[in-house]
Amino acid sequence: MSKSSKTKENLGFEESLKRLEEIVDTLEAGNTPLDESIKLYEEGMTLAKSCMMQLNEAKLKLKKIQRAAGGAIEENDLEL
Amino acid sequence: MQDENLSLFDRQATVPFEDKILTVKDLTRMAKEILEQRFPSVIVEGEISNFKRHMPSGHLYFTLKDDEAQVRVVMWRSDAVRLKFSISDGMKVLVRGRVSLYESRGDFQLYAVNITPAGQGALQLAFEQLKRKLEEEGLFSDEHKKHIPLFPKRIGVVTSLEGAAVRDIASIIERRFPAVEVVIYPVKVQGEGAAEEIACAIDDFNSRPNVDVLIVGRGGGSLEDLWAFNEEIVARSIFNSEIPVISAVGHQVDFTIADFVADVRAATPSAAAELVVPDRTEVLDGLRTLVGKMSTSVGRTTDQLALQLDKLKHHYALRQPISLVEQRLQFVDDLFRRIQTSAEHYIESQDQKMKSIYSHLNALSPSGILRRGYAFVESAGKVVTSARKVEVGQRASIHLHDGILDTQITGKHEQKQ
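These protein sequence lines map, in sequence, to chains A and P.
Using my numbering, read the first sequence as starting at 1 and increasing by one per residue.
Using my numbering, read the second sequence as starting at 1 and increasing by one per residue.
Chain A extracted, bound-state conformation:
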């Protein structure tokens, strides 16, 4: 898995959580050098933050799909 800080913004929720768990496992194993630990810690915090933000700030998006007259599948916003 890439450790570059550019990719982690784009990780989905599940991947973020998985990576976070990995980091915790690595750190708990206790044989990581200090500078590496700090890096992992920072990465972990960024992941945790972005997950929490997604959970707290996201709003449900509702869409509707249907076949248009020509047979093509269309997707539109939906309100219930």
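In short, the hints are calculated from the structure, not lab data.
With a cut-off of at most 30 Å between alpha-carbon atoms, the simulated DSS-like pairs for lysine-lysine come out as follows:
no., chain 1, residue 1, chain 2, residue 2
1, P, K146, P, K133
2, A, K39, P, K311
3, P, K131, P, K84
4, A, K39, P, K293
5, P, K145, A, K18
6, P, K146, P, K131
7, P, K145, A, K64
8, P, K153, A, K61
9, A, K61, P, K146
10, P, K92, P, K65
11, A, K18, A, K59
12, P, K145, A, K61
13, P, K145, P, K84
14, A, K64, P, K153
15, P, K146, A, K63
16, P, K146, A, K59
17, P, K153, A, K49
18, P, K188, A, K63
19, P, K92, P, K52
20, P, K293, P, K311
21, A, K64, P, K188
22, A, K49, A, K61
23, P, K145, A, K63
24, P, K153, A, K59
25, A, K18, P, K293
26, A, K49, A, K18
27, A, K49, P, K293
28, P, K52, P, K131
29, A, K61, P, K188
30, P, K153, A, K63
31, A, K59, P, K188
32, P, K146, A, K64
33, P, K188, P, K146
34, P, K153, A, K39
35, P, K153, A, K18
36, P, K146, A, K18
Please read these numbers as outputs of a predicted model, since none were measured by experiment.
Start from chain A and add chain P according to the hints.
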């Protein structure tokens, strides 16, 4: 009614035919007319034997018999396609139809319009038959069950826009885990053509697989209402779906064929929504635990290093200026503390935010807002929305949730916007 028919029968039967010489054709034609007039609609109970489905016409032919007698039965394809269950020899049935005579063979026949199993309902039997068939084909077996993703990003829903099911699903997902998109494909869920629409929707989702999981279902109803979910075409589409399918049909007790084929069966649409996404408060708890573990681990590492440095510092052989080492240690310590503080601060602020969101939701009604200690000001019959709209000295009333206070403006402190 019965008597009238009988008299008709008697009158025709007593026409003195013995005076005339009839052709075979005349005789069969007259017999046919009498049979058709006398038995336009009958229901006959018996056992099926010599069953044949003629291909390619699709007409059904069999003999209906009991211990004492038998009669030939024909069912035209146009009627046969409406049968939900399949016919086989030995089956006890009720045949509804009309009686006639097949002139070119002189056979007296029953022309079936509908056939129902004797003893149990047609739908029940059809259900059992299809269940057995698909089970033998392996459509229900565990090895085909797909894994439902833990955190789906897009959730496809195949159901009707009418009825409570779609709203239940949306509102439960919104409450539990709103960081998703719910894509609804509206279909008919009962009546003619419903099964085809449901199957087509599942196929369409698979033709452009941009959802992570599918919920296919409807609210509760009678066996007839739920029937579309017992149709083979729906079962096949669910089985062939590359996207994992959660079935969500009706109330708790009844299983449909769709339930057996689906990767996961939810007892109701609401249950499907509970199942498809995790509860965000649990996930947040999990995140907090992980963050806590990280902090503890890193803290332990820095403590150990500090201890080691401390030992080194007192080592007589270490004659290097110790301040540089100390500075580095200090730097790392600070850095760590900074990150930790910001993390804890963040988590705390998120907690606050959540609480405020929830209380907000609870108090969206005007009276709820007032109950929380807010008030609105009314003057000259209008709600005052700006300090600029009232003058000093003017009378105004303050509305609280349980009463009104009459006041006079004694001063103003306008805020720049």
